[in-house]
Amino acid sequence: MTEDKDNLDLLFAQAREKRPELPDDLAVRILTDAETVRLERRKPDETKTNPLWTRVLAGLGGWQGMGGLVAASMAGVWIGFSAPAFLPDPANYIYAQDVSFVVADLSLDTSFLEDAE
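If you're matching positions, the sequence shown starts at 19 in the numbering used here and goes up one per residue.
Keep in mind the hints are simulated off the structure, nothing from the lab.
Just to be clear, a hint being listed does not mean it is correct.
Straight-line distance between alpha carbons at most 25 Å, and here's what the computed SDA-like set of lysine to any residue pairs gives [as the list claims (entries may be wrong)]:
#1 K61 <-> G79
#2 K36 <-> I48
#3 K36 <-> T54
#4 K36 <-> R47
#5 K66 <-> T50
#6 K66 <-> L78
#7 K66 <-> G79
#8 K66 <-> I48
In this text, all values refer to a predicted model and were calculated from it rather than measured experimentally.
Based on the sequences and whatever the hints tell you, model everything.
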């Protein structure tokens with residue numbers, strides 16, 4: 019094991035001594051590519067944002083989700099206007115004819131108001 023480790027250290031030492039040089043044309047290509055990338059990142063983003071309707075449609079699941087939403091809404095409106103006989107009519111609750119008010123008798127002592135005269 020020690021012999022293998024020594025051989026490995028020798029190989030690493032040789033590798034450090036014989037560092038390959040970067041060819042000049044490769045260095046120029048790398049630097050020009052880096053410069054073009056840097057300049058492209060500095061450009062303002064010219065992409066248009068999607069209109070509000072497109073974003074809402076995408077948020078609801080596209081046309082399939084919008085179709086389901088419309089179908090459920092129309093079913094709710096239909097059931098609301100022509101309710102089955104076993105359901106109470108909600109219009110009676112809104113436009114009730116018999117109105118009764120309950121007035122609370124708080125039995126407040128108002129004698130101090132009469133003494134002020």
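Taking the hints in turn, this is what the structure says about them:
Between K61 and G79, the direct Cα distance comes to roughly 33 Å. Violation of the 25 Å bound is thereby established for this hinted pair. Restraint check: the Cα-Cα separation between K36 and I48 comes to about 23 Å, which is no more than 25 Å; the hinted pair holds. Between K36 and T54, the direct Cα distance comes to roughly 32 Å. Violation of the 25 Å bound is thereby established for this hinted pair. Of the pairs offered as hints, the one joining K36 and R47 holds, with about 24 Å between alpha carbons and a cut-off of 25 Å not exceeded.
For the hint pairing K66 with T50, the CA-to-CA distance comes to about 29 Å; that exceeds 25 Å, so the pair is violated. For the hint linking K66 to L78, the alpha-carbon distance of about 21 Å falls within 25 Å, and the restraint holds. Distance restraint check for K66 and G79: the Cα-Cα separation of roughly 22 Å lies within the 25 Å cut-off, and the hinted pair is therefore satisfied. In summary, the hint linking K66 to I48 is not supported, as the alpha carbons are separated by about 32 Å, beyond the 25 Å threshold.
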